[in-house]
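**Student:** Protein chains in written order, with the numbering used here: chain A, 1 to 125; chain B, 126 to 447; chain C, 448 to 972.
Zero decoy hints are in this set.
Chain A is faced by these chain B residues, among others (derived, beta-carbon under 8 Å):
| no. | residue |
| --- | --- |
| 1 | Leu205 |
| 2 | Val282 |
| 3 | Met352 |
These are computed hints drawn from the structure, not numbers from a lab. Please read these numbers as outputs of a predicted model, since none were measured by experiment. C-beta atoms are modelled at their ideal positions from N, C-alpha and C, and glycine is treated no differently.
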Amino acid sequence: MTPGTFLPSDYLPIMVMLIFATGFGVVTLWVGRYFRLRRPYAEKLEAYESGNPPSPPPRFRFSIKFYLIAILFVVFDVEAIFLYPWALVYDKIGIFAVVEMFLFIFLLLVGYAYAWRKEALEWEK
Amino acid sequence: MELLWILVKILIVFGVVMLHVAYATYFERKVIGHMQVRMGPMRVGPHGLLQPIADGIKLFFKEDVIPTPADKQVFYAAPLICLISAVSSLAVIPFFEGFAIANINIGLLYIFALSSLASYGVVLSGWSSNSKYAFLGGLRSSAQVISYEIAMGLSLVGVMMMAGSLNLTDIVHAQMSSSFKIYLIPQFLGFFVFVVAMLAETNRTPFDLPEAETELVAGYFTEYSGMRFALFFLAEYIGMIIMSCIGVICFLGGWSGPFHVPGLPFFWFVIKVYLFIFFYYWVRATLPRYRYDQLMALGWKVLIPLALFNIVLTGTIKSISG
Amino acid sequence: MSSGFKQIVGDGLRFKPLPVDKHGIHLAARTCASDARDALRKARSEGLFMETVTAVDHLEDGKLELFYLLGNYERPERTLLSILLDRSNPKIPSISDIFPGVTWHERETGEFFGIDFENSLDSRRLLLPDDLEGYPLRKDFKPRKLPPVGRSKPFKYEQASDEKSGFVLNLGPQHPATHGVLRVILHMDGEYVLEADPILGYGHRMQEKIAENMTYTQMLPYTARMDYLSALHYNHAWVMAVERLCGFEVPERAEYIRVITSELNRISSHLLWYGAFLLDLGGFTPFLHGFADRERILDLLEMVTGSRLTYCYYRFGGVANDVDDEFLKKTLEFVAHLRSRLPSYHDLVTGNVIFEKRTQGVGVIDRDTAACYGITGPCLRGSGVGFDIRKAFPYSIYADLDFDIPVGENGDCYSRYLVRMQEIEESLKIIEQAIENIPEGKIRSKVPKTIKAPEGIAAVSVESSRGNLCVILVSKGDKKPYRAKFRVPSFSNLSIFPKLARKELIADTLAILGSFDLVIPEIDR
Chain A
1 MTPGTFLPSD
11 YLPIMVMLIF
21 ATGFGVVTLW
31 VGRYFRLRRP
41 YAEKLEAYES
51 GNPPSPPPRF
61 RFSIKFYLIA
71 ILFVVFDVEA
81 IFLYPWALVY
91 DKIGIFAVVE
101 MFLFIFLLLV
111 GYAYAWRKEA
121 LEWEK
Chain B
126 MELLWILVKI
136 LIVFGVVMLH
146 VAYATYFERK
156 VIGHMQVRMG
166 PMRVGPHGLL
176 QPIADGIKLF
186 FKEDVIPTPA
196 DKQVFYAAPL
206 ICLISAVSSL
216 AVIPFFEGFA
226 IANINIGLLY
236 IFALSSLASY
246 GVVLSGWSSN
256 SKYAFLGGLR
266 SSAQVISYEI
276 AMGLSLVGVM
286 MMAGSLNLTD
296 IVHAQMSSSF
306 KIYLIPQFLG
316 FFVFVVAMLA
326 ETNRTPFDLP
336 EAETELVAGY
346 FTEYSGMRFA
356 LFFLAEYIGM
366 IIMSCIGVIC
376 FLGGWSGPFH
386 VPGLPFFWFV
396 IKVYLFIFFY
406 YWVRATLPRY
416 RYDQLMALGW
426 KVLIPLALFN
436 IVLTGTIKSI
446 SG
Chain C
448 MSSGFKQIVG
458 DGLRFKPLPV
468 DKHGIHLAAR
478 TCASDARDAL
488 RKARSEGLFM
498 ETVTAVDHLE
508 DGKLELFYLL
518 GNYERPERTL
528 LSILLDRSNP
538 KIPSISDIFP
548 GVTWHERETG
558 EFFGIDFENS
568 LDSRRLLLPD
578 DLEGYPLRKD
588 FKPRKLPPVG
598 RSKPFKYEQA
608 SDEKSGFVLN
618 LGPQHPATHG
628 VLRVILHMDG
638 EYVLEADPIL
648 GYGHRMQEKI
658 AENMTYTQML
668 PYTARMDYLS
678 ALHYNHAWVM
688 AVERLCGFEV
698 PERAEYIRVI
708 TSELNRISSH
718 LLWYGAFLLD
728 LGGFTPFLHG
738 FADRERILDL
748 LEMVTGSRLT
758 YCYYRFGGVA
768 NDVDDEFLKK
778 TLEFVAHLRS
788 RLPSYHDLVT
798 GNVIFEKRTQ
808 GVGVIDRDTA
818 ACYGITGPCL
828 RGSGVGFDIR
838 KAFPYSIYAD
848 LDFDIPVGEN
858 GDCYSRYLVR
868 MQEIEESLKI
878 IEQAIENIPE
888 GKIRSKVPKT
898 IKAPEGIAAV
908 SVESSRGNLC
918 VILVSKGDKK
928 PYRAKFRVPS
938 FSNLSIFPKL
948 ARKELIADTL
958 AILGSFDLVI
968 PEIDR
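Extracted from the complex, chain A is given alone in its bound form:
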């Protein structure tokens, strides 16, 4: 199939598959309800805490140490997506593709080297 030939009907099976998968999950859980044992009591329903009395749920500000990397991820993920269409038509656009590649990857590497240099890839302690 050549790129650019978009036929919505090709996607019909995917739609059906999505519905089927959802249906399977929901139905198994729902049917199971009538067969499962159900004997809850207060202690059983506590959140697991290594055998200690439960402490307050973890609902407060939590310091994740990889914030900068997460930002970089967004940037790089978008750039990676730009490479896809280019890779697909690589054969057809000839020398332009090669020049483009070196330019693009060079730019990517500059940003990458900057991030590395600024220790954005390290964890803050």
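Given chain A, work out where chains B and C should sit, using these hints.
**Tutor:** Showing chains B and C alone in chain A's frame:
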């Protein structure tokens, strides 16, 4: 009529894959068992052959404990997200010549999209359980996604360049007509990056950080039990099969083989997929777990540069030779 | 004050050397509460390490006698500092600022004897429940009846009092990584540990009080229940303490048998640790490989002792049964077998990149810190200090055997791993030599049926799989020990954990915890 045909195809694929998932767990326990000087399951049926079925029945009838502090709606939805994204990925896999539920031209992109979606299930389950271990597990999962996902996407760019398509059937065809027959040889760098990212994608050892048993008890599914836990489990194994399929399709030549096996067009495909699955188990029996800042360093400082280098290399060689 | 003590401990700060073969104490001194700090500060500057702090209740004198037992990594010498405190109001300034690691010992002694360590860094209870009244190791302690255990009421959530309390993670008592009923409260910042606070006592059985109510012989089986992974070393320490105190002879053949069996026990303990440590790091094949080989040791020990885990095999003046040629033959076979297996152990783990990344530079203990906390055993030798009781105070026949003490270089988890793996090889060497030279003869000397140890004190150490295990036995000439203190290696080794865990990732803290080779019932006693 067409719809019926689609449904029949889906049922066949789903049924076959479910059977394979069941026996992949059996295979895993046997393989790892023998690697660890023990027998694996032996009790249920001859050589424990009925063990997966017994497990399934047990999980179906088990009590479904939903902790009081859990965020109910999200708690219900999380395993479904994982399952749906895993099962739906099956739609685009071509198991043999001309057989795929949906032969769409962005197959690879579709798989990426759904596998990223699966990590939402993990993150949400960790969040909604309202338990600390699950919470940490969910966070680790998000950390893991941002560590390997780019490398994974970039590792396959080389394959796209060589095949000129995102359609999985076309990629296999392009490989069959290429000079090496499989892309593993020209794309060995890409293959390496892909395999590492693949292990991280499916949360398997040595990147099983979100569920790290000895650190976080069971990680994101600490609070899940019975059938809900089974759905996570199912999703994980289907995910392994999907990733193995992608590896086979993009690097090992899909269903093509050294000779044609009459009547079994999927023969080579299954063999190759099981090679991957065996590799998963082998790694699990061998390696300890990474620490998660180390996984990030690996993803960002090793895999991404390698993948970029692979793209440049592929482009250069292609433009010189072509 | 009994006369037995006067022999040892003079008045004032006056050190007096003693025959070590009898008491195991080289220098003993008495000082007063106000001078103790100066004496201990001097000891600290000389590089002595704190073995333990304990006390004895002299009810009829109205006094509590507090002991500081100090060891030396470099020289085989042991110093006992004794302080008499008034029983009605025992008070002494804490030395936890001099020896940071002594805090746990002070907490334990404080709660058992009601001694008030003033200005202590931490004066909470360590092993006992908070609602216990009285001081159990005092002689006039009356245990109260426990209320029947019923189903607890449902818990209520408390809202976090303030933001600063942050993320608190409970590690244990029901957690896969704590290898027993240890609880560690981790105050976290993200995945970094700000503060680790081990909570002990879940498996506390008051073994030391039990010992006071048992005859020497009756106590013997209990010793195996403390550290169930090196039960024979506990047997050994107990029988040796009594033998030294009473002056019993042990026939040479019995000594050889003791060495062979206790080295087998050491290997089995190390093999289990090898698996459990890798399990903590996420690799689970080594566990089963280690177990498969450990099983053969258990079979061997079952042949001579009759049990597989909690042995009670040593007797005062010898061992219970003689070994036969089949055991010796099979043991030699096992030695050869394990030798052939060890390279594959190393192949699986030692060179592994992930393993090295996870353990190198993690949990570094230097020599000086080790001395503050009284670290012994493989944990200490990983830091490059070759202190091993088998060489420092050669007991049994270890003086006649040719073996090395493996030491590490960096004091990190990786060094501790290597030291233990090399120790397995050394133990194999010891077993081989012992089997080669084992003489014929009696296995038990004649000892009286009812053992009445003469008045006195003995501090006897053996090298258990985890380090310096010391039994301090105080006798007043009765059938029962007046006081028996078990100085257990894991207790001191774990006491450094809060310091090492600070500012580490949770994954690293578990690697550190795993590298200590803890047996929790040993700590809790």
